[in-house]
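Start from the sequences, fold in the hints, and give me the full structure.
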Amino acid sequence: MAALKPSRRIHYLFTVNPTATLQLGLWVALSIAMMTVDHRYRALDGLRDMLATALYPVHYLARLPIDLQGWLSENLAGRAALLDENAQLREKQVFLNTQLQKLTTLEAENRRLRSLLESAVNTPERVLIAELLSVDFDPYRHHILLNRGRRHGVHVGQPALDQQGVIGQIIRTDPLTATAILITDPNHALPIQINRTGVRTLALGTGNFQELELPHIPNNEDVKVGDLLVTSGMGGRFPRGYPVGTVAKVEFDPGSPFAHIVARPVAQLDRIREVLLLENELDATRLDPPTPP
Amino acid sequence: MTAVRPTGGWIIASSFLLAFLATSIPLSGWPGRLWPDWVAMVLIYWCLALPYRIGIGTGWVVGLLVDVGRGALLGQHALAFATLAYLTVQTHRRIRVLPPWRQAISVLAFLLLKQFLVFWISGVIGYPPRDGWYLAPAVGGMIGWPLLFVILRDARRHFQVT
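First to last, the sequence lines map onto chains A and B.
Going left to right, the first sequence walks through residues -16 to 276 as my numbering numbers them.
Going left to right, the second sequence walks through residues 171 to 332 as my numbering numbers them.
Treat the hints as calculated values from the structure; they're not laboratory data.
Predicted model, so just to flag it, every value in this text is computed and none were measured.
We put the beta carbon where it would ideally sit given N, CA and C, even for glycine.
Heads up, a few of these hints could be off.
[Unchecked claim] Computed footprint of chain B on chain A; a stretch qualifies when at least three of its residues, placed anywhere within it, have a C-beta under 8 Å from a C-beta of chain B:
| id | stretch |
| --- | --- |
| 1 | 2 to 12 |
| 2 | 39 to 52 |
| 3 | 159 to 172 |
| 4 | 255 to 261 |
[As the list claims (entries may be wrong)] Over the 12 Å line for every Cβ pair with chain A, so calculated as not near, a few chain B residues:
| id | residue |
| --- | --- |
| 5 | Arg175 |
| 6 | Pro176 |
| 7 | Gly178 |
| 8 | Gly179 |
| 9 | Leu191 |
| 10 | Gly227 |
| 11 | Gly239 |
| 12 | Ile265 |
| 13 | Trp271 |
| 14 | Ala274 |
| 15 | Leu278 |
| 16 | Val320 |
| 17 | Asp324 |
| 18 | Phe329 |
[Stated by the list, open to error] So the derived label-pair ranges between C-beta atoms look like this:
| id | chain 1 | residue 1 | chain 2 | residue 2 | range |
| --- | --- | --- | --- | --- | --- |
| 19 | A | Leu59 | B | Arg327 | 35 to 41 Å |
| 20 | B | Pro201 | A | Gln84 | 27 to 33 Å |
| 21 | B | Asp301 | A | Asn80 | 46 to 52 Å |
Here's what the structure looks like:
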């Protein structure tokens, strides 16, 4: 370049590739076509499956540092700390076992009463454990990628929980991975019930991991801060009675017919590592229209 | 221009892979909000350094893989990355002669446009950004650019990627 005359040098700096604009046009057109097809018709799932399977090792690699950190902290923990944790766990187990004894009798009683009432028996659910592979980078969309897919029997609509409560549901499955939408995603609504009073409403995602919105609760309704929200089983996706969140804020606005209620999810949605996927046996029958007698 | 035999493709591929891994590190608080899209920055670098080799097509393919990796709409990042590559390739002669910290200003402009495109498409399909923070990774990218530039330049020279 040093050999060029100054005027030529300026010209050199502003030289552009004449076909680049055409190329860009073609690629942009292709992108728009693909996005339309993907969004409207879901017709590109084959291509997505293929690429997702090819990318699986990358996701695995991305998880490695987190796994390594967990492994290190487990293996380098002091003996005293481990003994301490062990004692704590033992204590907890004794406590849980006593509760479990109560539960089995209660469950038997419940089943007997339900059969007396001729209502559907809550069959025990099968559970599949999946691990988190990655979180959507888009901060306004709460999607997570799990390391179990169609191969393992995951299907769209399956409820996802963690130890504390409901976290979301599966919205897309690939052969080896599945995507779940969290209950705090702005496009998610979960049918819930306030455990204390039985009031039914929806829990809408807000895009904030700590907040759910409860719309359509009248100003005169009995809602208190700290009330537990559980799934109501309406809509047929989520089984009844799983904890969702607790009411965090109740504001009465005299100008509006409904109270402004904000709840906080019980599951720590920004700290998920393992996810339980429920296999609800009642799903299929519940979604069918009722047969006339 | 003499024909150059392309070498060191694996360096380019692994730089994209590492960038993808770096971008997926989950961070919280303001570092998480400023954490840049390293894949886009690596793409800008290779478009500056080897514009005859890495261009709009590569950008599009990388974007498509990012779409699959992130579970985004197929074509969302592909479109943004193709545009990013186009801008960089068209202006690489002007940007390449600047010192890294001045290149960072152009990088900021490109990354802002890329963030805008990605979130514009998100908005169209019903996920509009809720505040202005979605542009913050572009600022993070500007801050990180000189470092990334030096690393990739040294890697390119050491492994003689052409």
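Report holds if the minimum CB distance from Leu278 (chain B) to chain A is greater than 12 Å, and violated otherwise.
-> holds, 19 Å
May I ask you to check that Trp271 (chain B) keeps its beta-carbon over 12 Å from the closest beta-carbon of chain A?
-> Consistent with the label, Trp271 (chain B) stays out of reach of chain A, its closest Cβ about 19 Å off (over 12 Å).
Decide, holds or violated, for the assertion that all CB atoms of chain A are farther than 12 Å from the CB of Ala274 (chain B).
-> holds, 19 Å
Phe329 (chain B) remote from chain A - nearest C-beta pair above 12 Å | Non-interface label on Phe329 (chain B) holds, nearest chain A Cβ at 21 Å vs cutoff 12 Å.
Would you say Leu191 (chain B) is clear of chain A, with no C-beta pair closer than or equal to 12 Å?
-> At roughly 5 Å from the nearest Cβ of chain A, Leu191 (chain B) sits no farther out than 12 Å, so the non-interface label is violated.
Check, residue by residue, whether the stretch 39 to 52 of chain A contains three or more positions whose beta-carbon lies closer than 8 Å to a beta-carbon of chain B, and give the verdict.
-> The restraint on the stretch 39 to 52 of chain A holds, since 5 of its residues have a Cβ under 8 Å from chain B and three suffice.
Verify that the Cβ of Asp324 (chain B) lies farther than 12 Å from every Cβ atom of chain A, and report whether the claim holds or is violated.
-> holds, 22 Å
Proximity test - 8 Å, beta-carbon atoms, the stretch 255 to 261 of chain A to chain B, at least three hits | violated (count 0)
Go check the stretch 159 to 172 of chain A versus chain B for me, would you? Three or more residues, Cβ under 8 Å, otherwise it fails.
-> holds (count 3)
With respect to the beta-carbon atoms only, verify the hint that Leu59 (chain A) and Arg327 (chain B) lie 35 to 41 Å apart.
-> For Leu59 (chain A) and Arg327 (chain B) the Cβ distance comes to about 39 Å; the hint holds.
Just tell me: holds or violated, for the beta carbon distance of Pro201 (chain B) and Gln84 (chain A) against 27 to 33 Å?
-> violated, 48 Å
Interface exclusion of Arg175 (chain B) relative to chain A, criterion Cβ beyond 12 Å = holds, 21 Å
The structure fails to meet hints 4, 9, 10, 11, 12 and 20 from the earlier list, while all remaining hints are met.
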